[in-house]
Amino acid sequence: MSPDVVVVGGGLAGLTAALRLVQDGRRVVVVAKGVGATHLTGGTIDVLGYTPDRVDSPRSAVSELVGARPDHPYARLGVELLERSLDWFTEATGTLGYTGSMDENLLLPSAVGAQRPTALAPASMAGGDLRPSPRVLIAGFRALKDFYPAYLADNLTRAGIEARSTLLAASPRPGEADVNGLIYAAALDADGGFRRRLAEELAARVESGESVGLPAVLGLEKAPEVWRELQDRIGAPIFEIPTLPPSVPGMRVHRRFAAALRKGAARSIVGAVAVGAETRNGSIDAVVVQDAARKRPYRARAFVLATGGFASGGLDLELGGNVRESVLGLPVAGTPDGSAFAAGALDPQPLSRAGLAVDDELRPVDADGKVVYDNVYAAGAMLAGAEPWREKSGDGISIASGIRAAEAIGERLQ
Amino acid sequence: MTRISTEVLVIGGGATGVGVVRDVAMRGFDAVLVDRVDFGEGTTGRYHGLLHSGGRYAVKDPVSARECIAENAVLRRIAGECIEDTGGLFVTTPADDPDYADRFVQGCSDTGVPVEEIAVAEALRREPLLNPRISRAFVVPDASMDAWKTIWACVRSAQEYGARALPYHPVMRILRDGDRVAGAVCRDERTGEDVEIESRFTINATGAWAGRLADLAGAPGVTVVPGKGIMIATNHRLVNTVVNRCDMPGDGDIIVPIRTVSVIGTTDSPVDDPDDLPITADEVREMLDAGDELVPGFSSARQLRVWAGARPLFKDDKAAAADTRDISRGLALVDHAERDGLGGLITITGGKATTFRLMAEVAVDAMCEQLGVERRSRTAEEVLPGENPDGHYWLGSRLARRERTMHDDQLICECELVSRGRLEEAIARRGTQNLDDIRRVLRLGMGPCQGGFCIYRATGILHDERRLDGPAANAALRAFVQERWKGVQPILFGDQLRQARLDEWIFQGLLDIEHVADGEVGAEPEPVAAKEVV
Amino acid sequence: MTIEIRSSLDHCVKCTICESHCPFSAATPLFPGPKYAGPQSERFRLAGRSPDDSVDYCSSCGICTQVCPQGVKIAEINTQARAALKEERGIRLRDQLLARPSLNGRLAMPVAPLANLSFRLPPLRVAMERTVGIHRDAPLPQVAKRTFQHWARRHRAPLGGPAVVYFHGCGANYYEPRTGRMAVALLEHAGYRVIVPPQDCCGLPLQSNGIFPAARRYTLRLARSLAPYARAGLDIVATSTSCGLMLKREAREILDLEDDEDLRVVSERTYDICEWLRDRLDDDRLPTDFRPLPMRVPYHAPCQQRGHAIGKPALDLLALVPELEVDELDTACCGVAGTYGFKREKYDIGMRVGDRLFRLVRESGARLSVCDSETCRWQIAHHSGVRSVHPIELLYRAYGLDEPRPR
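Going down the list, the sequences are from chains A, B and C. Per the numbering used here, the first sequence starts with residue 109, numbered consecutively. Per the numbering used here, the second sequence starts with residue 12, numbered consecutively. Per the numbering used here, the third sequence starts with residue 442, numbered consecutively.
The shape of chain A in the complex, shown without the other chains:
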């Protein structure tokens, strides 16, 4: 009953690798210490946004980047794989309708009204592209404290976008002052009356020629349908703007992946911590997982390690400065010699680039470039050489490396 592959890590990279393997007909078990960072992302797919100048074309910028930074994960992954991976992701997320390409970044408004470059966005967000200088009405909800339309619109206006703002009273829990985005989303899924009330209130305020920016809470289970219905009802285009976690758009992506994995008979164990491995002759026989009562080995022929970087604890910085990879104790590359952090909060942080160095098949290597375990493949934020949030490259790295790891494993298992 052993699976072919055990994937450790339930974020975008782990889910991508798992699903790609399932599509190849492999038996997959996903072990995750919790739910991954999909729930925190904005729902867009960032390939390359800043270098540090704003990137208009990810395709050319990535090509330039890998020349200047051969230690960047994109140097291993390459433009062609990135492109294929984006197509794959678009298909895997089906009716969410991801749109965009490597040719040009969209410029979407952030929750403070910055113009944020990204490569792919779901249909419900893509209409917020600011490049055509749309006239917009930014609408928030009184009870939703994670979205400030006036502030957002103010920043857009000063950047040359014609923007107005408004606050809507419609609420899924009338009488409650503090209602989070997820509750809005669930109510929009389930309550046709609420959708109608919201649309009516909004329709009364929108002017002709405007498109409407709403916080990204337009449904979870029934996401694209909720968005389309509201658009139809108000008679104007609507685009969602992602805001603070919990990220409803991120959860939509997660649900699609989880459903596809279930359908493909993959097994996901959430809440199980991988604590080590059984190794033999340069290979791993099993990953050891701590469950409620005991440590259990999960045997497989290949393993994907996608436990994330410092944010998730896949990489750990100890007091005293040592950096550890927390499951297998793999050697970590790129640890800065001097200070790990810069004085400026928004400056490049030297520690950011630390992570796992890998070969072309994404197998972690040691300082001499030698593969540590021949059947272990790494993907996602644990790869060395990137600064995913400053560059806006995290999603591209996760998806492309997840695909690459899955394909490399596929070749190995033939």
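Since the hints were derived computationally from the structure, they do not count as laboratory data. Heads up, some of the hints might be wrong.
[Unchecked claim] Facing chain B, a subset of chain A residues (Cβ under 7 Å, in silico):
| hint | residue |
| --- | --- |
| 1 | A222 |
| 2 | K253 |
| 3 | A258 |
| 4 | R266 |
| 5 | T274 |
| 6 | E284 |
| 7 | F418 |
| 8 | F449 |
| 9 | L454 |
| 10 | R498 |
Just so it is clear, the structure is predicted and the values come from calculations on it, not from any experiment. For each residue, glycine too, the CB sits at the ideal point set by N, CA and C.
Add chains B and C to chain A, keeping to what the hints say.
Then chains B and C, alone, in the frame of chain A:
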């Protein structure tokens, strides 16, 4: 130029200054208090919050010990809701001199500090994380005191008696009328305009900066050595009682539970500039290791924040300059009429937060003497204004309040349970646009996420309240992010690093705050550029 | 609160993932969410002063701890905080009653037919609701005429073969002895001799209701009973997935019993029955002589089953049965959460939480649904109108085993 005419000008809004202006106002003088930034941004706002029982000084400095226990009782009475009655423990760890304990008990008895020995088992029952290898334990009435709450309560009291409180009014020059100090010219940082304040008497309560101000007044050579001390707050309270090492006072020998954190302090190194207090990795390590002596495992617990304050150490010619700890920490009162032939000015510096009221009384007594009037202090008698003046602060009070208001009010800072209503109230009351000012009293952004979620919300609300336009809001947001970073960067590892990375994701990855236009905080907000549809 | 549980709050980075998955805060504004009740409020609590009554609306389903990517013991913090709250405020009679299923079972059993009938009478149920606070429509189980223990004592076990211990729990003993009989038959079919030691409640309902001293007494009594077998190297198999989790982990962590040696050895030997059977499959010791079961059924993995962190072994086992199609529902929680959904003030919340699950089961058109926990089965059956069975029942049928009778 605006002109204000008053009787007494108090310069410096730390504990000493606010204590002074309150006393001055209560004695019937018209008074103005100024500070170059917000009140309490200096030393008072940077200490660990310990309300001394006096036990720490019982052996080494009996005079201080007596003052402390007396003022401890007074503050508990008049500033009850600013104080949490945590109680204190002095414990003999394996690293402490075992003979000190008996001297400690004797010293407390001699100085009137209530002390009671308890069994080690009992101490460990009260504080399960305490070092199990302690050999003796003593209970004293230490407590913790919220510095900003106390400061603002004093300011409100002074205002009730007619005084004016002007933060963000740095002194540009001192006015002279012959051989008398006649007031000062300050700059109103908000408007950029000068304000001339004429006063009969001026009190220099600028603490670690007292020497500089005295210089400005034409009374050079007042030497105040800034003694830098760092403090580290843990993410949650590891102890609920103040815990002290039972030994001669040293570095890192106290852990104070204050609000939702516990704070270890402190170090001691003289610096030149009280505005430049670098925090070194060695000092951080030293404090974490010191924490381990009292609470094993302290150094691997999640550390929330590190900061430094500068003690004002008035230099006595008899002691060496290098060791600031031996320099008297009693108050120093300089009568410039005597010292410099300069009438109408006194400097009050040194001291510790616990005895601020007494210091203020001494200073105002000296002023009255110089003025030739007899008005006595009543500051020990009257309770400070507040919401719940009769009770002590208890840790659960915000949670209890939230339970009552959870359906009616939004929670803006979730970590520290700051509601929108309280935030708006603070914004209105302070009339401020500065997020940093607001956060001190409310503790906004001072919890585990260090503002990761609430900074954006608070900025949006400030903008909504028309206090900031877009560019100013962006600048405020970035400034706050930077300010938070300053205090976490030296203690980033493990859990706190994970938090910092999530915050980085939010600010850079999601909001992309780097790429919105900047503006000036403090300038009058321009009309909101985007039209708001009602 | 135990140090380990409280100090886990340091791992919280406020990411809100727990809140995103909490079915109860999604269903009611009375529960402000696991992040609030757990790592956030805990920083404001002093032992003995619990200002937040809202923590009582946490169901202790445990989903928050499972999904937390940083390892915060959220549900455990909540459960301990609730116990502290109850200790301060007092524990109402209703909770004392609901928390003692074995006592209730023993009291009701001699008069089982009468008890069962009267619990179905609306006037009596309304009176119960008004006085004791158990909701009139709460799915109270029928008490059996004879305990499972009674059957087990008379059951002639096969001689020889390796031994395994069966921990049946109150559910099987007083309310569903058939589940126990099937479990024994299955284990014997796999070639094992089943030992059923004298045993009583594991203490889980007492723990969930914040009655810790009594909970500890029950847990330890059970541990004393099972420990000799564990020390002898025998596995302990549980059909109640929630009680199994209690022995594996929850009692040690939440009741602060990590130092008890008996409990430790027992927990290290405790398996959920599907987990254990799947392990036997991996050892090639599970017979796979299944007959076809041509049906399509929905499967709901209870919250506490997921808390074992062993995957969903029921699915792996049922996949072996020819023509049986099992749909893994993506449902979070049935809303009963042990005794939570029985309570007058929480019944409606439980209903809302389980609503999607009940609907999916109804809409599936299946004649049965499958679920590993007895209280969840009662809840699902009651609200969907569709019978709910333990996964082992399908295996039992697929093996063609007759219901064993005492000889």
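message: Less than 7 Å between beta-carbons is the criterion; does A258/A satisfy it with respect to chain B?
response: A258/A check passes; min Cβ-Cβ to chain B is 6 Å, inside 7 Å.
task: Identify whether the interface hint at E284/A stands, where standing means a beta carbon of chain B within less than 7 Å of its own.
output: Where the cut-off is 7 Å and the nearest Cβ of chain B is about 5 Å from E284/A, the hint holds.
- prompt: Taking the least C-beta to C-beta distance, is F418/A closer than 7 Å to chain B?
  reply: holds (5 Å)
F449/A as an interface hint toward chain B, with CB separation required under 7 Å: holds (5 Å)
task: Tell me if R498/A is really an interface residue toward chain B, meaning its C-beta lies closer than 7 Å to one of theirs.
output: holds (6 Å)
- prompt: Does K253/A meet its interface restraint, that is, does its C-beta lie within less than 7 Å of any C-beta in chain B?
  reply: This interface hint holds because 5 Å falls under the 7 Å limit.
task: Using Cβ atoms only, decide whether T274/A comes closer than 7 Å to chain B, and label the hint accordingly.
output: holds (4 Å)
message: Hint validation: R266/A versus chain B, beta carbon distance must be below 7 Å. Holds or violated?
response: Holds. Min distance 5 Å.
field: Interface hint status, L454/A versus chain B (Cβ within 7 Å)
entry: holds (5 Å)
- prompt: How about A222/A: closest beta carbon in chain B under 7 Å, or not?
  reply: holds (4 Å)
Comparing the model with each numbered hint stated earlier shows that all of them hold.
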